[in-house]
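Asks: Given the coordinates of chain A, work out where chain B should sit on it, guided by the hints.
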Amino acid sequence: MFDEFYSQFKLNFIDENRWFSLLKGLGTTLEITFLALILGLVIGIVIATVRSTYDKNQSSLKKKGGLGYVLMKVLNAICNLYLTVIRGTPVVVQLMIAYFIIFANAKDGTLVAVFAFGLNSGAYVAEIFRSGIMSVDNGQFEAGRSLGFNYPQTMIHIIIPQAFKTVLPTLCNEFIVLIKETSVAGYVGVMDLTKAGDIIRGRTFSAFMPLIAVALIYLLMVIILSSLVKRLERRLRKNER
Amino acid sequence: MKDNNSLIIVEGLKKHYLNGKVKALDGIDAEIKKGEVVVIIGPSGSGKSTFLRSLNLLEEPTDGKILFEGVDITDPKTNINLHRQKMGMVFQHFNLFPHMTVLKNMTIAPQKLRNISESQAKEKAFELLKTVGLEERANDYPSQLSGGQKQRVAIVRALCMEPDVMLFDEPTSALDPEMVGEVLEVMKNLAKEGMTMITVTHEMGFAREVASRVIFIDEGKIIEQGTPSEIFDNPKHPRLKDFLSKVL
Numbered sequence: 043m044f045d046e047f048y049s050q051f052k053l054n055f056i057d058e059n060r061w062f063s064l065l066k067g068l069g070t071t072l073e074i075t076f077l078a079l080i081l082g083l084v085i086g087i088v089i090a091t092v093r094s095t096y097d098k099n100q101s102s103l104k105k106k107g108g109l110g111y112v113l114m115k116v117l118n119a120i121c122n123l124y125l126t127v128i129r130g131t132p133v134v135v136q137l138m139i140a141y142f143i144i145f146a147n148a149k150d151g152t153l154v155a156v157f158a159f160g161l162n163s164g165a166y167v168a169e170i171f172r173s174g175i176m177s178v179d180n181g182q183f184e185a186g187r188s189l190g191f192n193y194p195q196t197m198i199h200i201i202i203p204q205a206f207k208t209v210l211p212t213l214c215n216e217f218i219v220l221i222k223e224t225s226v227a228g229y230v231g232v233m234d235l236t237k238a239g240d241i242i243r244g245r246t247f248s249a250f251m252p253l254i255a256v257a258l259i260y261l262l263m264v265i266i267l268s269s270l271v272k273r274l275e276r277r278l279r280k281n282e283r
Numbered sequence: 012m013k014d015n016n017s018l019i020i021v022e023g024l025k026k027h028y029l030n031g032k033v034k035a036l037d038g039i040d041a042e043i044k045k046g047e048v049v050v051i052i053g054p055s056g057s058g059k060s061t062f063l064r065s066l067n068l069l070e071e072p073t074d075g076k077i078l079f080e081g082v083d084i085t086d087p088k089t090n091i092n093l094h095r096q097k098m099g100m101v102f103q104h105f106n107l108f109p110h111m112t113v114l115k116n117m118t119i120a121p122q123k124l125r126n127i128s129e130s131q132a133k134e135k136a137f138e139l140l141k142t143v144g145l146e147e148r149a150n151d152y153p154s155q156l157s158g159g160q161k162q163r164v165a166i167v168r169a170l171c172m173e174p175d176v177m178l179f180d181e182p183t184s185a186l187d188p189e190m191v192g193e194v195l196e197v198m199k200n201l202a203k204e205g206m207t208m209i210t211v212t213h214e215m216g217f218a219r220e221v222a223s224r225v226i227f228i229d230e231g232k233i234i235e236q237g238t239p240s241e242i243f244d245n246p247k248h249p250r251l252k253d254f255l256s257k258v259l
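Line by line, the protein sequences give chains A and B.
Position 49, counted from 1, in the first sequence is what my numbering calls 91; the numbers after and before it change by one each time, with no gaps.
Position 150, counted from 1, in the second sequence is what my numbering calls 161; the numbers after and before it change by one each time, with no gaps.
Excised from the complex, chain A in its bound form:
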């Protein structure tokens, strides 16, 4: 029984250095996740700022009218469209559209995956961030404005740093979700962790070892990151007291 296990283990991981392709796949998974998160963060913050600016100042913008109002209205509409489309379609479909249509000539699937997952994550980060901005007490905003900061300065120096702190744990959870979501990157020929495991399965004709190994690696990463988030949450709470 043990011999059987060992020979399977050897076949799936040690022969032809197959463990190394898993390791490389893990690297790719982390690379896509990390870069997509940064892209998503940038997109998310911009969209959240536009949307909350529009929501907060709708009445005064309307009264002043003119170009500013039209511009904000158009920007807000674009953001809403983006959120609706991204959140209303499966990420795999978005990924394939990015790879086979938008970047049909792309050679590096990894970068396309970063783009697709970043764009996707941005929609979710935007909503997380918007809730953070809305949760900052309006008095903070007034204090900033009363000192003479204009609207963008107040946002940058006073509101967004506080919003960021509030949503940090939720953002980390988004990172954890993203790690798992990138497992469909194999659809566009990216050798991520999942794809690497699947390729081993194809070569050795044994599914159990490689797939369970892949699952365990994801699980381990998620458990570690989740416990880090919990610690972060506790520390943030302590700082507030």
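I should point out that these hints are in silico values taken from the structure, not numbers from a laboratory.
One thing to keep in mind: the hints can contain errors.
Derived pair list, reagent style DSS-like, types lysine-lysine, alpha-carbon separation capped at 27 Å [to be verified]: (1) B:Lys133 <-> A:Lys207; (2) A:Lys105 <-> B:Lys25; (3) B:Lys115 <-> A:Lys207.
Replies: Showing chain B alone in chain A's frame:
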């Protein structure tokens, strides 16, 4: 009627909500002269806070004009941010920035808005902190301070911008009773130094002692105004008499 001593002139100021169904301010005319310490009193919901917050356009008036140092700040073409730098404001709930130290709370606006160097801004901040006895708390965060300390920091934060007028919106209303005195003390000293101040407060003792003029507002209108002794010892309007009988 515009003399060189007037700092703020308010003409026909109105603030309506719900398409005019609620009239928070219903036509206010006022003039604030340099060096005046004006205290605004009135029942809750009378519009006194709305009036104060209109002066730096935190509330956008529905109608009327506000001239600050000769400039019509209600004109949409006016860059209100520049004028707000000259109008310090202190809030009921302090509104210190919780993610910054006391020192940073005080230096961020001068540094970003007036291009003052960090060391100069810090020097000024320490100088002001000393006047309120809090120089040792410079590196603490607001959450580590008591209510009275927070409000004293909020006052010196506004002073860091070297404003020409200070607006106080019920600065002691959110404080525990034993902390009211320390904040009023700072305000008294400020008045003594000649700062122009407009204060909305329920502290009648402060009004009587420090104010050069008391304005009584009710239902969005100025009902009566005068020196503290005129208002408190010899009120004329029945609504003012009624109000004073309840609060004194």
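Asks: Under the constraints set out in the numbered hints, which ones does this structure not fulfil?
Replies: As far as the earlier hints go, not one is violated by this structure.
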